[in-house]
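*Asks:* These are the residues of each chain, in order.
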Amino acid sequence: MGEVILTMKEIDKSFPGVHALDHVNFEVRRGEVHALMGENGAGKSTLMKVLTGIYKKDSGTITYEGKETEFHSTREAQDAGVVIVHQELNMVGDLTVAQNIFIGREPKKGFRIDDKKMIEDSKALFDELHIDINPKEKMSDLTVGKQQMCEIAKAISHKAKVIIFDEPSAALTEKEIADLFTIIRDLREKQLGIVYISHRMDEIKTITDRVTVMRDGGYVGTLITKDSTKEDIINMMVGRVIYEDPKTHSMVAPDAPVVLKVENLNAGKMVQDVSFELRKGEILGFSGLMGAGRTETARALFGADPKQSGKVSIMGKDGQLHEVQINSPQDAVKAGIGYLSEDRRRYGVVVQKSIIENSTLATMEEFTSGPFINKAKEKKVTQKYIEELATKTPTADQLVVNLSGGNQQKVVIAKWLIRDCDILIFDEPTRGIDVGAKNEIYKLMSRLAAEGKSIIMISSEMTEVLRMSDRVIVMCEGKKTGEIDISEATQENIMDKATRNID
Amino acid sequence: MEKIKQNPIVKKLGLNRIILVGILILMFIVFRVALGSKFPVAESITSTLNYVYFLGFLSLGVTFVIATGGIDFSIGPVMFCCALMSGYCLNSYHVPLVASMIISILIGTAFGIFNGWLVAYMSVPAFIVSMASMNIAKGMASVFTKTQSVSWPLASDPTNGWFRSIVSVNGFPVGLVIFLVAAVICGIILYNTKPGRYILCLGSNREAVRLSGVNTKKWEMLAYVICGTLVGIASLFFVAAYTTVQPGYGDQYNNEAIAGCVMGGTSMVGGLASIGGTVIGVAIISLLQQGIMAFGLGKGQQMIITGIIVIVAVYADVSARRRKN
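Protein sequences appear in the order of chains A and B.
Under the working numbering, read the first sequence as residues 1 to 503, first letter to last.
Under the working numbering, read the second sequence as residues 1 to 325, first letter to last.
Bound conformation, chain B alone:
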């Protein structure tokens, strides 16, 4: 075991990540063999992928927040709020499509600013802040849309249907390209820029960073803002795949996104974050969901399994830390 750990290639990639990729491939093979043509559920891999990009963006976003040692339980409902309010603008106020898309991202960013300000500057615990803003997001969307569900244009829509090309064009997975580019940018921010360095360090020991003369509040808030923006982007990929959004929902995606993030090796205690891990983690969660569906099981079973994954992943992280100390 020690010998494997010392291997330069393993060291570079990280043993955990290699194991995760192994799990991913293994799961795919198992599902494929067990289910045959029933897996994946949709007609092709590309169309299956269309349904998971949004989750990837949510996971990327929440990775920044968890890196600071915080948590955000509002990402799912905020994503719905973005999609509902901007979609309502598009349909009922005839706001141009591109403007509506921008509004979506801005609403997500606004929630990020709100959450980040409360957590960083007002010292309200992140748990409470995000629970509260989850309710606010749901409520705002309900009031704005008069509790009506909102449908985004179908691909057949002559003027606005083109927006679905953000997920795929003629079977080419445009969404995958955008997602991977976003992941690379997130990775660069986190590991190669000053804000990322501060976010990771303050997540590990806020007081020591503050006493080094760093404005920790500003950088902590920034993590929430980045998260919010990515949630806004996630909302576009959600509607591009699922078309219709209903007010009052979205919570179930919190856990899925957080599960992807922690499974990838981002520590819930803060200070350690892996963007590559998050990408693989999300892939595993999505694959698992597809598998569960292909077995003919429902949303309920999916939620149970996601819940268990979160607990197992966090437990693994905590016990690894305990061993180290």
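One chain only, chain A, in its complex shape:
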């Protein structure tokens, strides 16, 4: 480890209603890999966005190469040598590898772009990193892992001195992760400062020199990796926040009937031959990596996207399974299915409308006599659900845009409860919801299941899957790769199945 190249001191940042960063400290030395850890929403990404000029800090200082600095854009940060490799790749699929690496700063020969030089430079870059990629290949033809390598090459080509990896391994196979680590070690040799954001404890132990832990927007502490144990780090991450233990056994009665049976569902590349059953009162977890096809499965089942084939049966009033044709969300809702999207603001709520209007949206027939809306009834019923779900709002007339993420989620839940849906699909139920509200949503889901609702829960958070599910279905690249009862589910066997298809 060399001298300190970057220091962030007492960084503070607030967004309306959220204290995102509370006087956070962070430093990086030359030739070190420094892990930044914390639960989702701890503020890691926000801190890095402040560093690279995407957000403006409210207070605090950033010292880079001995000088107090503030970058106003990623471009400025890049030019100074601070580069971020994002979780979501920022590549143009239709361009070649070389074109992507030099986008916006193509070498010129007169007025024309010097393709030859661009390709040669790319090659030199890849050689330096010991990566085997053809610069002439189209970006969209590469695997996610290779695309990530290109991102790294691009970062290096900016004469980077500090590189930030934002969850680089989330979508990579084990082999690709090994390759990534080789590159990172190489960069460390070259005395670059590296920030490594990840949730994966084993990776942290393998690759990093120091660990800084954040929690709820605050700085918790910094440890030397080799002197600390997994438990030390976890304790710092979790802190006072009470996490309930994972479920040890299924809460579903052994004789609970099957309420939904999906057979051989096919919808494009992302949903191939998916079959599963959902039982009454069950919370069925869907686990998998980014892009495993879980959301696509839910959307195809719900009729939001077209499907090629597949048989869907739902339990009728008579207690028997009947095949249903679901070709639109309308059909699905009629069949008693409600879908709570991962992207609430786009697909869940109409943010510019009131809680009342959102709550009754799926059930207008119940609130109309003739063509006219019975507004008094609307208000009464909405009010009842605001109380029942403990939605925090001054009035039922409040516009949904003014509510926090957790309360917006409750409005969506109310919408489906008013509709009296028996099957609820929660897609990332707690995404963008802060820690306290998360627990409330969990309790609510457990209560609904106990009351006999059946829940499909898609989640990318392992703790969430292990805590909530009665049974876990694992998907990978559009296929179902596993089905595990909660009593046997572990982080390891789920992850193993989630990466099974790759390569």
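Simulated from the structure, these hints should not be mistaken for laboratory data.
Incorrect hints may appear among the rest.
For each label pair, taking beta carbons as the anchor points, the in silico distance ranges come out as [said to hold, decoys possible]: (1) A:447 x B:15: 38 to 46 Å; (2) A:114 x B:15: 58 to 66 Å; (3) B:269 x A:10: 37 to 45 Å; (4) A:251 x B:269: 39 to 47 Å; (5) B:47 x A:402: 31 to 39 Å; (6) A:14 x B:191: 34 to 42 Å; (7) A:248 x B:125: 50 to 58 Å; (8) B:143 x A:268: 44 to 52 Å; (9) B:177 x A:15: 46 to 54 Å; (10) A:15 x B:315: 21 to 29 Å; (11) A:268 x B:251: 38 to 46 Å.
Derived BS3-like pairs: lysine-lysine, alpha-carbon spacing no greater than 25 Å straight-line [what the hints assert, rightly or not]: (12) B:217 x A:334; (13) A:138 x A:175; (14) A:479 x A:261; (15) B:218 x A:334; (16) B:217 x A:307.
For glycine and all other residues, C-beta sits at the position ideal for the given N, C-alpha and C.
Model the placement of chain B on the given structure of chain A, informed by the hints.
*Replies:* What follows is chain B alone, placed relative to chain A:
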């Protein structure tokens, strides 16, 4: 400012609407003082009003379309098409007056169905659809009337002259009553019925409404159909005031109607619509036109000012939204 906003009466009526009414009254006073007896142009207020009812109906119609987040640039030419084709039926094929009037409304409705179907079910952008149907409306009217202008019966016409009583009878503004009743009905549809609720919600976030199990296509199309019907009605008020219609025109009324609508607080982004605002907006546009005419300026100046109003009103809406976010 905040204190005024929190006042219960202001809250109920909406600050914007109160400001708009203020502008309206102020404009009237200014014109009256500056121009004296030259304003209004026509001999009385009632006869001045006769010339603007049609614009009110156009604005009401397009309010529904804009509420869905769409746009309709065909309303003016479609209005002319309705008046021309039904008027031609009346004059050349001796179709009874009442039947001709109904034909007028049906033609408008048919265009609404056509536009709405293309936009909602075929996913053709509303901008393109309405541009195309503007041409179709003009062309159809030209072909049908053999490029002849059509005159509707004068008030002196013994058998059919009575139709002009839809605008006024002996100085009583019947048209105003009909227009206000129509506006109230539109308001009830938009705020107190299921279709109106769906139209406003889908204008704000179509996907979220669709994923709530609502047939968004059907309700989006309905907005265009309502608009078309109101355009058909507008055509009757147009000929009752102006008598003669010429094929190939009508575009200038698009902007005037849209200006009235957006000035009243209906958002071009969709989801927010104010019928009361539209009524006041149309009144302001009309008053402005009368003022411009009374100053001795022509159609050209009128069009420039209407164009500027549209830009200013939309800009105000966009920047208000940006501030909110």
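*Asks:* If a hint holds in the structure, say so; if it doesn't, say that too.
*Replies:* Evaluation of the provided hints:
{"no.": "1", "hint": "A:447 x B:15: 38 to 46 Å", "verdict": "holds, 43 Å"}
{"no.": "2", "hint": "A:114 x B:15: 58 to 66 Å", "verdict": "holds, 60 Å"}
{"no.": "3", "hint": "B:269 x A:10: 37 to 45 Å", "verdict": "holds, 41 Å"}
{"no.": "4", "hint": "A:251 x B:269: 39 to 47 Å", "verdict": "holds, 46 Å"}
{"no.": "5", "hint": "B:47 x A:402: 31 to 39 Å", "verdict": "violated, 49 Å"}
{"no.": "6", "hint": "A:14 x B:191: 34 to 42 Å", "verdict": "holds, 37 Å"}
{"no.": "7", "hint": "A:248 x B:125: 50 to 58 Å", "verdict": "holds, 55 Å"}
{"no.": "8", "hint": "B:143 x A:268: 44 to 52 Å", "verdict": "holds, 47 Å"}
{"no.": "9", "hint": "B:177 x A:15: 46 to 54 Å", "verdict": "holds, 52 Å"}
{"no.": "10", "hint": "A:15 x B:315: 21 to 29 Å", "verdict": "holds, 27 Å"}
{"no.": "11", "hint": "A:268 x B:251: 38 to 46 Å", "verdict": "holds, 44 Å"}
{"no.": "12", "hint": "B:217 x A:334", "verdict": "holds, 17 Å"}
{"no.": "13", "hint": "A:138 x A:175", "verdict": "holds, 22 Å"}
{"no.": "14", "hint": "A:479 x A:261", "verdict": "holds, 17 Å"}
{"no.": "15", "hint": "B:218 x A:334", "verdict": "holds, 17 Å"}
{"no.": "16", "hint": "B:217 x A:307", "verdict": "holds, 20 Å"}
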